[in-house]
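**Q** Next come the chains, spelled out residue by residue.
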Amino acid sequence: MPEIDHNKLDEVVSELRRPTPLDASFDRRVMRAIRAVAMRPLRLISPLMPMPRWRVWSAFAAVAAGMLAVSVIPAFRSNPAQPVQFVLVAPEASTVQVVGDFNGWNARHAAFAAENRGGGVWTVTAPIPPGHHRYAFLVDDSLWVPDPTAPRVADEDFGHPNSALVVESAR
Amino acid sequence: MDTRADALIVQQVLAGDVDAFAVLVARYRESCARYAMHMLGNREDADEALQDAFVRAYRALGRCEDPDRFGAWLFRILVNRCRTAGARRARRAQTFLSDEGALLSASEPHPAEQWAWREEIERALSALPAEQREAFLLKYVEGLGYDEMAELTGVGVSALKMRVMRACDRLRVLLKEVRSA
Amino acid sequence: MRWFLGVVALSAMAVAASAQEAWRARLDSELDAATRVAVLAMVDSARVARLPAMALVNKALEGAGKRASGAQIVAAVQSLGGELRASRTALGHASRPDEITAGAHALHAGVDANALGKLRRVSVGRELTTPLTVLTDLVARGVPPAAASDAVITLTQAGLRDAGFSKFQQAVRLDIDHGADPASATRIRARGAVIGRGGAPRG
Numbered sequence: 134m135p136e137i138d139h140n141k142l143d144e145v146v147s148e149l150r151r152p153t154p155l156d157a158s159f160d161r162r163v164m165r166a167i168r169a170v171a172m173r174p175l176r177l178i179s180p181l182m183p184m185p186r187w188r189v190w191s192a193f194a195a196v197a198a199g200m201l202a203v204s205v206i207p208a209f210r211s212n213p214a215q216p217v218q219f220v221l222v223a224p225e226a227s228t229v230q231v232v233g234d235f236n237g238w239n240a241r242h243a244a245f246a247a248e249n250r251g252g253g254v255w256t257v258t259a260p261i262p263p264g265h266h267r268y269a270f271l272v273d274d275s276l277w278v279p280d281p282t283a284p285r286v287a288d289e290d291f292g293h294p295n296s297a298l299v300v301e302s303a304r
Numbered sequence: 109m110d111t112r113a114d115a116l117i118v119q120q121v122l123a124g125d126v127d128a129f130a131v132l133v134a135r136y137r138e139s140c141a142r143y144a145m146h147m148l149g150n151r152e153d154a155d156e157a158l159q160d161a162f163v164r165a166y167r168a169l170g171r172c173e174d175p176d177r178f179g180a181w182l183f184r185i186l187v188n189r190c191r192t193a194g195a196r197r198a199r200r201a202q203t204f205l206s207d208e209g210a211l212l213s214a215s216e217p218h219p220a221e222q223w224a225w226r227e228e229i230e231r232a233l234s235a236l237p238a239e240q241r242e243a244f245l246l247k248y249v250e251g252l253g254y255d256e257m258a259e260l261t262g263v264g265v266s267a268l269k270m271r272v273m274r275a276c277d278r279l280r281v282l283l284k285e286v287r288s289a
Numbered sequence: 676m677r678w679f680l681g682v683v684a685l686s687a688m689a690v691a692a693s694a695q696e697a698w699r700a701r702l703d704s705e706l707d708a709a710t711r712v713a714v715l716a717m718v719d720s721a722r723v724a725r726l727p728a729m730a731l732v733n734k735a736l737e738g739a740g741k742r743a744s745g746a747q748i749v750a751a752v753q754s755l756g757g758e759l760r761a762s763r764t765a766l767g768h769a770s771r772p773d774e775i776t777a778g779a780h781a782l783h784a785g786v787d788a789n790a791l792g793k794l795r796r797v798s799v800g801r802e803l804t805t806p807l808t809v810l811t812d813l814v815a816r817g818v819p820p821a822a823a824s825d826a827v828i829t830l831t832q833a834g835l836r837d838a839g840f841s842k843f844q845q846a847v848r849l850d851i852d853h854g855a856d857p858a859s860a861t862r863i864r865a866r867g868a869v870i871g872r873g874g875a876p877r878g
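Residue numbers (the working numbering), protein chains in the order written: chain A, 134 to 304; chain B, 109 to 289; chain C, 676 to 878.
Heads up, a few of these hints could be off.
What the hints assert, rightly or not - Restraint-style ranges between C-beta atoms, simulated for each label pair:
| no. | chain 1 | residue 1 | chain 2 | residue 2 | range |
| --- | --- | --- | --- | --- | --- |
| 1 | B | Ala267 | C | Ala697 | 50 to 60 Å |
| 2 | C | Gly757 | B | Ser266 | 47 to 57 Å |
| 3 | C | Ser859 | A | Glu144 | 32 to 42 Å |
| 4 | C | His768 | A | Ser302 | 19 to 29 Å |
| 5 | B | Met270 | C | Gln753 | 16 to 26 Å |
| 6 | C | Asn789 | B | Ser266 | 26 to 36 Å |
| 7 | B | Ala267 | A | Arg250 | 19 to 29 Å |
Said to hold, decoys possible - Computed from the model, here is a short list of chain A residues facing chain B with C-beta under 10 Å:
| no. | residue |
| --- | --- |
| 8 | Leu142 |
| 9 | Val145 |
| 10 | Glu248 |
| 11 | Asp274 |
| 12 | Pro281 |
| 13 | His293 |
Since the hints were derived computationally from the structure, they do not count as laboratory data. All of these numbers come straight from a predicted model, not from anything done at the bench. Ideal Cβ placement from N, Cα and C applies to all residues, glycine included.
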């Protein structure tokens, strides 16, 4: 195993070891994301800790419950919407909005504005048509956050990850 | 400069002092930024991976088994984030260009030839397969031993040695003409 | 009875037309003229090719919602259009729109088109939207695409249903959040899920 060739690559390494300066706003942005998304005290977010079911329901898990809740379906509609509960724990947030394929990525859609139910648990239940949907939470009108417990979609074309939601038809 | 030990800060954050985490961010951001920048090749992706790594570290802080080695634990998270982001970047088939913004804001003044040389290095690095680039950076830029690298990446020592050797060979070829010109 | 079916059909058409008007209005209000023209051209092409064109509309609206530039939006829509085509080719032309969309996301994540084809072959007639969604999630969390594909194909072949896939995804996510190597977590949890189905563990 040859060691690095000091005639050439040591210059490369020395160049690569130079510090990489960051945007001056980096610390502020990181801390803002942490304050907005994380729950305090920290132990409450540990998946190892037992939590009431309602706290940990992601939209993905809530679909099954939503399917059971549907009882009246207009006969002519082949794709009746199912109620889906979205939950985000964000103690420092002022507003939380669910934005996704199902509402045309409209951050002003009143039916998808989550409410703080106490303890920083934001939630909204909204009717979602059967099918595959992408969505994210918009915190304080500026911070895009994927659903921490839902499947990810690797489509960060616009710099922010999304979550996936599959709603099945009522049977 | 805050001189509190990492373990003490971790303890304070876990006790509910979220703002104490800012000390850890300030302490490790530059070394992590260097790795992310070289791995991902552009500032936007590096910034995003780094931010994501810090947020993940915060969320999982209660599971950091050795808070005295918070930096090493954070670095492991970052390496994983860079792998994911790197795969995504490759899929987008971005043309690699050195990040002029980052270069221009570098702390030390660079003469024109130094800019060109740095650009060539970044370009050569970006031409390596991701696993070779990762192994090279961990070994020579971050100065890790092979055992540490194996633990960090989940790849065997002999495979890592092979990757580093191939990365060195390839870099020499890519940079040969530039240096001799 | 015939008149009743006619009313039903007209109602359904009215709902569809109304939905189309809604997204057209959103595109009109959210995109600048040049971007809108480019996006609508791609949406029309997708519709002619019988691809799930709404996925492209959603991608454009997502870009607008996230304040992306027109060029970024057009590039993202164009890229997704190609992935939808590739997804349908891999999954088969009889695939449902949601499967094609979920397959496109898997391809975007780095999954090989051959793996999508294999997934279809081992599960003819099974709705693949959820397995494909889980596959994309695994790759997005750092599982190498080949390892993620192997796991999802194995689980589908073993007859795991959507609820089982959901549990599998959650288990792997928690393992990774705890610091597990993504590939190892996937392999181990997949073995567990197969054993849970009464199948023989692999590897």
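**Q** Are the hints correct? Go through all of them and say.
**A** Hint check results:
no.: 1; hint: B:Ala267 to C:Ala697: 50 to 60 Å; verdict: holds (54 Å)
no.: 2; hint: C:Gly757 to B:Ser266: 47 to 57 Å; verdict: violated (39 Å)
no.: 3; hint: C:Ser859 to A:Glu144: 32 to 42 Å; verdict: holds (38 Å)
no.: 4; hint: C:His768 to A:Ser302: 19 to 29 Å; verdict: holds (22 Å)
no.: 5; hint: B:Met270 to C:Gln753: 16 to 26 Å; verdict: violated (39 Å)
no.: 6; hint: C:Asn789 to B:Ser266: 26 to 36 Å; verdict: holds (29 Å)
no.: 7; hint: B:Ala267 to A:Arg250: 19 to 29 Å; verdict: violated (50 Å)
no.: 8; hint: Leu142; verdict: holds (6 Å)
no.: 9; hint: Val145; verdict: holds (5 Å)
no.: 10; hint: Glu248; verdict: violated (23 Å)
no.: 11; hint: Asp274; verdict: violated (19 Å)
no.: 12; hint: Pro281; verdict: holds (8 Å)
no.: 13; hint: His293; verdict: holds (9 Å)
The structure is inconsistent with the numbered hints 2, 5, 7, 10 and 11, although it conforms to all the rest.
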